[in-house]
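Assemble the complex: chain Y is given as a structure, and chain E must be docked to it using the hints.
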Amino acid sequence: MLNRRTLMGALAAGTLLASSTLAFAQDKIYIPMISKGFQHQFWQAVKAGADKAAAELGVEVTFEGPDTEAQVDRQIDMLSAALAKKPAAIGFAALDSQAAIPLLKQAQEAGIPVIAFDSGVDSDIPAATASTDNLAAAALAADKMAELIGGAGKVALVVHDQTSRTGIDRRDGFVNQIAAKYPDIEIVDIQYGAGDQLQSTEIAKAILTAHPDLKGMFGANEGSAIGVLNAKKESGRSDLIVIGYDSGAAQKAAIIEGSMNGAITQNPVGIGYETVKAAVAASKGEAVEKNIDTGFFYYDKTNIDAPEIAAVLYD
Amino acid sequence: MTATVPAASPLNRLKASGAQQKLLAFASLIVLLIFFSIASENFLQTSNIIAILQATSVNGVLAIAATLVIITGGIDLSVGTLMTFTAVVSGVVLTFWGMALPFGILAAIGMGAFCGLISGTLIARMKIPPFIATLGMMLILKGLSLVISGTKPIYFNDTPSYPELSTGSLVGKLIPALPLPNGVLILFLLALFISWVLNRTVLGRYTFALGSNEEAVRLSGVNTDGWKIAIYALAGGICGIAGLLISSRLNSAQPALGLGYELDAIAAVVIGGTSLAGGRGSILGTIIGALIMSVLLNGLRILSVAQEWQTVVTGLIIIAAVYADMLRRRRAG
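Chains as they are written, first to last, in my numbering: chain Y, 135 to 449; chain E, 29 to 361.
Hints listed in this document are in silico derivations from the structure and should not be mistaken for laboratory results.
Fair warning: this is a prediction, and the values are worked out from it, not measured in the lab.
Below, a sample of chain Y positions facing chain E; criterion: calculated Cβ distance under 7 angstroms:
#1 Phe172
#2 Glu198
#3 Ala204
#4 Val206
#5 Asp207
#6 Ser214
#7 Ala215
#8 Gln232
#9 Thr297
Subject to a maximum C-alpha distance of 27 angstroms in a straight line, what follows is the list of computed DSSO-like cross-link-like pairs (lysine-lysine):
#10 Lys288(Y) <-> Lys339(Y)
#11 Lys180(E) <-> Lys239(Y)
#12 Lys220(Y) <-> Lys418(Y)
#13 Lys239(Y) <-> Lys201(E)
#14 Lys288(Y) <-> Lys349(Y)
#15 Lys349(Y) <-> Lys386(Y)
#16 Lys349(Y) <-> Lys367(Y)
#17 Lys339(Y) <-> Lys180(E)
For glycine and all other residues, C-beta sits at the position ideal for the given N, C-alpha and C.
Just chain Y, same shape as in the assembly:
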C-alpha cells in the first residue's frame, strides 16, 4: 500500500515538474548538443560556451555525451532521443561519422539543420562545422618542442587513443612536422593511455625508464599531459621538457610553476559558442559559414595571463 501511494505521489510530482518545464521550453528555440563526452573539463568548457550563447540569444540548449569516447552506439541513442524532441537544430560531435549517417539523414529529411562541432562528419549534411585544426595545432607543438630541446635529441608521445580523429590528427601533426623539419630529432616511442591520468602516468614512466636520455615528451590531451607530468615528478626527471594539450587547473598550475613548459590550447568555449550561434542562424534559415575555425594557441609561463589566452583556458 505504502509503495503504491509513494509511487503515485512521485508520479504526480514528476508530472507537474515535467509539464512546467515543458511549458517553459515551448516558447523558446530548442537546440540539443550531442557531444563526444561529458565529464572531461574540456567538454564542460564547450558546454559553458554553449550556455553562454544560449543566454545571449535567448534559446534553450541541452548538452549530453557518452561516458567514454568509445561508446559509439550510446551516442547514436542520444542523437535519436534528441531528434524525437523535434528540435530547431542539433549540435553534433560525431564519435564515428559513418555510424551516425542514417540518423543525420533523418534529421535532414525532417528539416532539422545539423551543426557539427569539435570534429567533422564525412558527409555534406552538416550546415556548418565548428572545430580546431588539430594537425596544425600539433605541428605547432612540434615546433615548440624542437625549439626547447635545441633541435636535436629523443622525444616521445603519450596520446589518448589511436582510433579517434583528434588522437590521430594530433599524433600525425606532431610526427609529420618533426619528420619534415627536424632530422636530428628522433621519436623513440608513441603510446596510448586512453586519456586516463593514471594509465598515462604509468605509460610515461615506462618510457622514461626505457629511454634515460629522453629530452622531451608531448601529451596529446589533458589526461595524457597530466600523466606525463606525474611521471616526470615521480621519476625525478626535472630536466625533461613537457608540452601538453588543452588546459584544466592542474595543467595551468604546472605551467605557472614551471614543471610543464607549455601547452596547446584549443578554444572549447568558442567551439560551444559558435556551434549554438550557427545552429540558431541555420534554424532561422540564415546562411552560415561552412567551416568555422575556432582557433588554437600555444601558451606558456609568459603569456598565460594575457587576455586572449586567459579567455580560452578553463579549470
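Relative to the frame of chain Y, chain E by itself:
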C-alpha cells in the same frame, strides 16, 4: 490478510510461481511509459518507441547471455568485450577476407561460443572463480580486438547487406505500419528460444540445478563440469549475436567499445528479478529489466534531465528494484 485467502487462490499460485517479481517489474515498466507519455508529447511516437526498442536490442541480447550464467550461480564479466571481439571477427571475415555474409555470421557466433567454452573450461575444470576467469577473458578479448583490428574501426562497406541485419525491417515489409528493426525481432526471437531452452530442456533444468545446489547435482552422478561449460559456450554464442547486432547497426566493428557493457547487462538481469546467488531467474524478467533501463534513459533524455542526474536515477532504480524483490521474498518466505 493473506491467511484468509484459500491456498489454491490464483493470487497465491502467482506468488508461489515467482511470477510476482516479473509482474512488479512489468508494472514499473508500464508506470514509466505512462509517466513519460504524460510528461512529454514527444515520448509516445512510433519512431521514438522503435528507437527505445533498438537501443534495448544489444543490451537485451547481452543480458540474456548474462542471465544464463547468473542462474548457474556464476558471473560473466566478459560479455561486453566478447561482443566487441566477435564484431571484429565478423569484420575480419567479411571485410579483410572478403567472404560472403553467412560466413561472417557463423564466424561471429562460432567465435563467441568458442570463447565461452574457454571461460567455461577455466571455471569448471580449472576451478578458477567465475569472477576472476571472466575478468581475465574480458581483458584478453579487449586487447585482442584492438590487435586484430589494427586498433581501427573495421567498416562493412563491401557487404552492403550487413546493416540490414539489425536496421532492416522484415516485419516492416509484411506490415508497413510497423517498421520494427530486425535487431529487435532477433532479440525477441532469441528471448523466446532461450526461454524454451531454460524451461523445457535438460540443459535448462541443469542450469537452474547448478545454481541451487551444485554439489547435490554432482553427487547424483551428473557431469556438472560438462553442463557448466555448455552453458558458458551458449552464453558466448549469444554474445556473438550481440556483436553482429552492434556492428551491423554501426556499419563498423568498433574495437575500443565494450568495456562497461557487462555492467549494464548485469543491471538488466538484476532488475528483472534474477538472483545473483543463482538458481532463480527468467528471460522474460531480463527483457523487462533491459526495457526499463532504456525507457528510463530515453525518457529522461526526452525530458531534458541533466545527464549527471540520469545516472543517479538509473542507480536508484537498480537498488529499488532489488529491494522490492527482497521484500516480496521475505514476505513470501
